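**Student:** In this text, residue positions in the sequence shown follow our numbering: the first is 1065, and each later residue adds one.
Keep in mind that the hints were calculated from the coordinates and are not lab data.
It is possible that part of the hints are untrue.
What the hints assert, rightly or not - Here are the computed lysine-lysine pairs in the DSS-like style, where the Cα-Cα straight-line distance is at most 25 Å: (1) Lys1169 x Lys1089; (2) Lys1485 x Lys1089; (3) Lys1169 x Lys1489.
Said to hold, decoys possible - What follows is a set of in silico ranges between Cβ atoms, one per label pair, in the way DEER data are often shown: (4) Arg1258 x Thr1168: 53 to 63 Å; (5) Asn1402 x Ala1358: 42 to 52 Å; (6) His1300 x Asp1111: 20 to 30 Å; (7) Asp1468 x Pro1239: 24 to 34 Å.
Remember, it's a predicted structure, so these values are computed and weren't measured experimentally.
By construction, the Cβ of each residue, glycine as well, lies at the ideal position given by its N, Cα and C atoms.
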Amino acid sequence: MTEAPLVRLVDDDPDLLAAQAQALKLAGFRAETFDDPAEALRGLGPDWPGVVLSDVRMPGMDGFQLFERIHALDPELPVILLTGHGDVPMAVAALKQGVYDFLTKPIGGGPLAAALARAASARALVLENRALRARPSEEPATEIGLSGASPVMVHLRDSIARLAERGGDVLIIGPQGSGKRTAARAIHRQSPRRGRAFTRITCAALDEARFEAEFIGQEPAGSRQPRQPGKLEKTHRGTLFLDEIEALAPALQARLQAILDAGEIWPAGAAAPRPLDLRLIASTRADLGQMVEAGTFRGDLYYRLSAATLQMPALAQRREDVAALFRQFLLQACQRLNLPVAPVTGAVKARLAGYGWPGNLSELQQFAESHALGLSAFDGAGGDAAPPGLAELVADYEAELIRDALRMAEGNATQAMARLKLPRKTFYDKLTRHGIRPADFRAASG
């Protein structure tokens, strides 16, 4: 179950401090209270996982001085300042110095909770980014598309490791955007051939007229002219990845099968054949068996590939991985574009949890990149979209608690009810309200 965001409250008024802590607890936060700013610095640093909400007007050390001390400890630790004295120049100066947000009293629970949620999401992403950067270079990193704690992904990674070690040809099957290319590279990188070439060929883009020259190569008649090895020779002892093999023209299917059977190539002009040792990996989103029956795909090539198959799951089959995958894609996009990590709003979280992602990983990655650029219609940062209120945030949080309970219970509604300590009618009313189906979690765990 996801832990509630941590907020450190700093205010010299004990009564106001207690009231704020209670309100934030009801909104789904964990609150630490301090009436002494100097004491509030205790334990803060680069690894501290929360955000700070501080009053400005305090004796001894005011909110700006507290921010300066925190900023020296960790410039990326979000500090939100709260004051009853609306002062535009003060707010502008604070934001320029790096204060995450500047709010004026009185402020409603909804806007305050929304600001804290944005800050907490930004902090979580910063810490995750640091953890990724701190990973030792020799530690093998899991490709984003293959990461995830869902049972189906644990099984998939085990299957990839076994296929990589055993050698032999592999057929990767799955819907568009499910990570077939990533899986092919992972098989190669974990195999004994990892020190050799990995050549990806998009079958739909193959030019039949130039196949011999580009893939088999040429041996010029003049001795002074350099030999021109083809792509297949360059991949000798490596891995040839045929992406979208269902689009391979029938004539090229026959030519490729003949080359693989012979285990050698004979470039034009060569005096002797050249040996060819390839591991063949192919991907498809089509039913090649049906294509064989229809006469549009060669049976011998299909049977050669289908001896070992790898089924890639759709993102809908691993919904519990969606939020973590989104964060990884978002970090990757922000690093590549040299942008600050964009906060994840309640609207974005609701989108991640409730959408079906028919485009799979590709669609999720595109959504993360749009969010990094501030172009997402669900980030509440542009257009006429209003930030979510407290009721929406509480509803989103409640829905996530129910989903977490169902994941842990593997879709067993009775066990989930017991975990949440909810009566049966109340539990099913909430399922209906949030559009949650226990059957989805049974499928994800199978």
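**Student:** For Lys1169 and Lys1489, compute the direct alpha-carbon distance and say whether it is at most 25 Å.
**Tutor:** Answer violated: Lys1169 to Lys1489 is near 41 Å, above 25 Å.
**Student:** For the pair His1300 and Asp1111, does the Cβ-Cβ distance stay inside 20 to 30 Å?
**Tutor:** 49 Å, violated
**Student:** Take a quick look at whether Lys1485 and Lys1089 sit within 25 Å of each other, Cα to Cα.
**Tutor:** This hinted pair holds, its Cα atoms lying about 19 Å apart.
**Student:** Is 24 to 34 Å a correct range for the gap between the Cβ atoms of Asp1468 and Pro1239?
**Tutor:** The hint (24 to 34 Å, Cβ to Cβ) holds, given that Asp1468 and Pro1239 are roughly 26 Å apart.
**Student:** Quick check: does the Cβ-Cβ distance between Arg1258 and Thr1168 fall within 53 to 63 Å?
**Tutor:** 58 Å, holds
**Student:** Take a look at whether the Cβ-Cβ distance between Asn1402 and Ala1358 falls inside 42 to 52 Å.
**Tutor:** Taking Cβ atoms as reference, Asn1402 and Ala1358 lie about 50 Å apart, which means the hint holds.
**Student:** For the pair we were handed, Lys1169 and Lys1089, check the Cα-Cα distance against 25 Å.
**Tutor:** Status holds; Cα separation ~19 Å.
Of the numbered hints listed earlier, those contradicted by the structure are 3 and 6.
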